[in-house]
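Model the full assembly from the supplied sequences, consistent with the hints where possible.
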Amino acid sequence: MAAEKNLLLEFLLRQGDNALILGHRVSEWCGHAPVLEEDIALANTALDLIGQTQMWLGYAAEVQGEGKTADDLAFLRDAWDFRNVLLTELPNGDFGQTLMRQFLFDAFQSVYLARLLGSSDETVAAIAAKASKEVAYHVERSADTVVGLGDGTEESHARMQAALDYLWPYVGEMFESDAVDTAMAESGVAPDPATLREEYDALVTRVLTDATLTIPESRFAHKGGRTGQSHTEHLGHLLTTMQWLQRAYPGNTW
Amino acid sequence: MYAQMVKSTGSGVKSRDEMSDEERAFQDKVDADIKIEPRDWMPEGYRKTLIRQIGQHAHSEIVGQLPEGNWITRAPTLERKMILLAKVQDEAGHGLYLYCAAETLGVTRDDLTEQLLSGKMKYSSIFNYPTLNWADIGAVGWLVDGAAIMNQVPLQRTSYGPYSRAMIRICKEESFHQRQGYDIMMKMAQGSEAQKKMAQDALNRFWYPSLMMFGPSDAESVHSAQSMAWKIKINTNDELRQKFVDQTVPQAEYLGLTIPDENLKWNEEKGGYDFSEPDWTEFFEVLKGNGPCNKERLGDRVKAWEDGAWVRDGLLAHAEKKAARKVAAE
Numbered sequence: 001m002a003a004e005k006n007l008l009l010e011f012l013l014r015q016g017d018n019a020l021i022l023g024h025r026v027s028e029w030c031g032h033a034p035v036l037e038e039d040i041a042l043a044n045t046a047l048d049l050i051g052q053t054q055m056w057l058g059y060a061a062e063v064q065g066e067g068k069t070a071d072d073l074a075f076l077r078d079a080w081d082f083r084n085v086l087l088t089e090l091p092n093g094d095f096g097q098t099l100m101r102q103f104l105f106d107a108f109q110s111v112y113l114a115r116l117l118g119s120s121d122e123t124v125a126a127i128a129a130k131a132s133k134e135v136a137y138h139v140e141r142s143a144d145t146v147v148g149l150g151d152g153t154e155e156s157h158a159r160m161q162a163a164l165d166y167l168w169p170y171v172g173e174m175f176e177s178d179a180v181d182t183a184m185a186e187s188g189v190a191p192d193p194a195t196l197r198e199e200y201d202a203l204v205t206r207v208l209t210d211a212t213l214t215i216p217e218s219r220f221a222h223k224g225g226r227t228g229q230s231h232t233e234h235l236g237h238l239l240t241t242m243q244w245l246q247r248a249y250p251g252n253t254w
Numbered sequence: 001m002y003a004q005m006v007k008s009t010g011s012g013v014k015s016r017d018e019m020s021d022e023e024r025a026f027q028d029k030v031d032a033d034i035k036i037e038p039r040d041w042m043p044e045g046y047r048k049t050l051i052r053q054i055g056q057h058a059h060s061e062i063v064g065q066l067p068e069g070n071w072i073t074r075a076p077t078l079e080r081k082m083i084l085l086a087k088v089q090d091e092a093g094h095g096l097y098l099y100c101a102a103e104t105l106g107v108t109r110d111d112l113t114e115q116l117l118s119g120k121m122k123y124s125s126i127f128n129y130p131t132l133n134w135a136d137i138g139a140v141g142w143l144v145d146g147a148a149i150m151n152q153v154p155l156q157r158t159s160y161g162p163y164s165r166a167m168i169r170i171c172k173e174e175s176f177h178q179r180q181g182y183d184i185m186m187k188m189a190q191g192s193e194a195q196k197k198m199a200q201d202a203l204n205r206f207w208y209p210s211l212m213m214f215g216p217s218d219a220e221s222v223h224s225a226q227s228m229a230w231k232i233k234i235n236t237n238d239e240l241r242q243k244f245v246d247q248t249v250p251q252a253e254y255l256g257l258t259i260p261d262e263n264l265k266w267n268e269e270k271g272g273y274d275f276s277e278p279d280w281t282e283f284f285e286v287l288k289g290n291g292p293c294n295k296e297r298l299g300d301r302v303k304a305w306e307d308g309a310w311v312r313d314g315l316l317a318h319a320e321k322k323a324a325r326k327v328a329a330e
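Top to bottom, those sequences are chains A and B.
208 is the number that our numbering gives to position 208 of the first sequence; each next residue is one higher, with no gaps.
297 is the number that our numbering gives to position 297 of the second sequence; each next residue is one higher, with no gaps.
Keep in mind that the hints were calculated from the coordinates and are not lab data.
A virtual CB, placed ideally from N, CA and C, is assigned to each residue, including glycine.
Among the hints, erroneous ones may be present.
With a cut-off of at most 30 Å between alpha-carbon atoms, the simulated DSSO-like pairs for lysine-lysine come out as follows [what the hints assert, rightly or not]:
#1 B:K187 <-> B:K172
#2 B:K231 <-> B:K120
#3 B:K243 <-> B:K270
#4 B:K322 <-> A:K68
#5 A:K133 <-> B:K172
#6 B:K197 <-> B:K295
#7 B:K48 <-> B:K172
#8 A:K130 <-> B:K172
#9 B:K29 <-> B:K172
#10 A:K68 <-> B:K196
#11 B:K29 <-> B:K231
#12 B:K172 <-> B:K35
#13 B:K197 <-> A:K68
#14 B:K187 <-> B:K7
#15 A:K5 <-> A:K133
#16 A:K68 <-> A:K5
#17 A:K133 <-> B:K322
#18 A:K223 <-> A:K133
So, partial list: chain B residues that the calculated Cβ filter (under 8 Å) puts toward chain A [unchecked claim]:
#19 I72
#20 T77
#21 W134
#22 D307
#23 V311
Below is the structure:
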């Protein structure tokens, strides 16, 4: 049974917007990393994420069937149309916060994309096949860095614990499920994310334990990004920067 | 090309009679185009000059990320954003190869970084100019990378092996950078009135700073004569500048853009263009720290280094703990 078009579109926007917004955030680091190798790695991560955005939003535009492109979706939608989880739009903070955010997201992606490889939708499966190779590298790197900094000096440990404490309440949203997820699960396009939490927790607990960090007990979760109901204040500023040229000079080609 | 005003040591090129046996053997190798490798004997002046030149080039790659990074978050399409990210990533990679090449001469990357941050070592003057509109990203690729390639292509034949090999890798990527810059300029020059205005504005601001990248005339310079004898400099600054102008003028014409120089004229006799010299007073002011963005560029690098200290310390401490645990387990 093929998924209903609007629901499939909604699912694709969630994937594409996660990659786009996080990719944008990571790209803000350009030239400012603590060490040259990290500048290269951050640029590489941003590059992969924007590449994934092109695939997800390209397919979303095709499914939408209004003759739009991935660029139209990225640069001409307003904040309430975005479907990324709140975690991805949070500010970079220090390098530790950026890498902790990356790890918490990469860990989810690594679990989720592995399931999408077997999607009943061939295009989704093909995108996942390409993206999962990149994410395997991302999660390895972000996990190593989280461990290195968590189990580093007293200062680096304190900073990583603070980053985890700040970001943990944004983890739960990745596992929220609604009618879109139910429809994707029923049509075999994608698993219901709620069913992946245990696997995620096992992965994250292992890495954060190696990092000598303490996972906060509260399961409270900020929500509203993946449904578009309520983003953070940060997203509007990000879009103002990202969309500026397209908005200021409508219809120009670049 | 990101090395300007690199001083060689010594007072000029020695004649064969003035050279020691070691110096003569060294010069014979250079003259025969045999590469000098890190463990080979080399004059101290050669080593020092190369450290300055490669170090300045490496620093330029690193600082050069900043004016382009200024537009990564505002790139107008996903594809342009990816191309720019890839380009800036290449530049960080070039910095890395060059620091590695410099390290073979007995200096560490951290030493070189400290010298950049304290202002003791320079980076190319060009990166002290701002990127103000999107066409500047095109102009940087077309003109700045174009000028860099002019100097780097001959440096692939430079006498020092590790430097030559780094240049060969870098040149491959730089020609892609220049093409993407020109491609942006084409889109802008063929675009809306606003885009054409951006393109012309970018050319107006980047033309003379690009000519300055080659450095002032060095036809009479003893430093350049020594560097050329050692084959760590292959052409004079004026030769390269002329070549750059001759290559770039037809490209600007093709774009329908005007080079901001009333004196620009084809000279049949010399088979090249006559053109106005850039304002060398401005150039020396920029080198002294008075360019439009010197404070911001160096300030950004200092901040990145200082803010990142806890990260470097943390990762180092972890590596030490891990090594200690491994020893304890054995």
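Hint by hint, here is what the structure shows:
At roughly 24 Å between alpha-carbon atoms, K187 of chain B and K172 of chain B fall within 30 Å of each other, so this suggested pair holds. Proximity of K231 of chain B to K120 of chain B is assessed by CA-CA distance (about 25 Å); at most 30 Å being required, the pair is judged to hold. Distance restraint check for K243 of chain B and K270 of chain B: the Cα-Cα separation of roughly 12 Å lies within the 30 Å cut-off, and the hinted pair is therefore satisfied. Distance restraint check for K322 of chain B and K68 of chain A: the Cα-Cα separation of roughly 52 Å exceeds the 30 Å cut-off, and the hinted pair is therefore not satisfied.
As the CA atoms of K133 of chain A and K172 of chain B are separated by approximately 27 Å, the hinted pair is consistent with the 30 Å bound. Distance restraint check for K197 of chain B and K295 of chain B: the Cα-Cα separation of roughly 28 Å lies within the 30 Å cut-off, and the hinted pair is therefore satisfied. Distance check on the hinted pair: K48 of chain B and K172 of chain B sit about 27 Å apart at the alpha-carbon level, within 30 Å; holds. This hinted pair checks out: K130 of chain A and K172 of chain B have alpha carbons roughly 27 Å apart, not beyond 30 Å.
In summary, the hint linking K29 of chain B to K172 of chain B is supported, as the alpha carbons are separated by about 27 Å, within the 30 Å threshold. Taking the CA atoms of K68 of chain A and K196 of chain B, the gap is near 26 Å; set against the 30 Å cutoff, the hint holds. For a cut-off of 30 Å, the pair hint linking K29 of chain B to K231 of chain B stands: about 11 Å separates their Cα positions. Of the pairs offered as hints, the one joining K172 of chain B and K35 of chain B holds, with about 21 Å between alpha carbons and a cut-off of 30 Å not exceeded.
For the proposed pair K197 of chain B and K68 of chain A, the alpha carbon gap of about 28 Å is at most 30 Å, so the pair holds. With a C-alpha separation of about 41 Å, the suggested pairing of K187 of chain B with K7 of chain B is violated against the 30 Å cut-off. This hinted pair checks out: K5 of chain A and K133 of chain A have alpha carbons roughly 28 Å apart, not beyond 30 Å. Between K68 of chain A and K5 of chain A the CA atoms are separated by roughly 15 Å; this keeps the pair inside 30 Å, and the hint holds.
Between K133 of chain A and K322 of chain B the alpha-carbon distance is near 28 Å, which keeps this suggested pair within the 30 Å criterion. Between K223 of chain A and K133 of chain A the CA atoms are separated by roughly 29 Å; this keeps the pair inside 30 Å, and the hint holds. For I72 of chain B, the shortest C-beta to C-beta distance to chain A is roughly 5 Å, which falls under 8 Å, so the interface hint holds. With a cut of 8 Å, the hint placing T77 of chain B at the interface with chain A holds, because the nearest CB-to-CB distance is about 5 Å.
Hint status for W134 of chain B relative to chain A: holds, with the closest Cβ pair at about 6 Å, below 8 Å. Nearest Cβ of chain A to the Cβ of D307 of chain B: about 7 Å, under the 8 Å cut. The hint holds. Look at V311 of chain B: its Cβ gets to within about 4 Å of chain A, closer than 8 Å, so that hint holds up.
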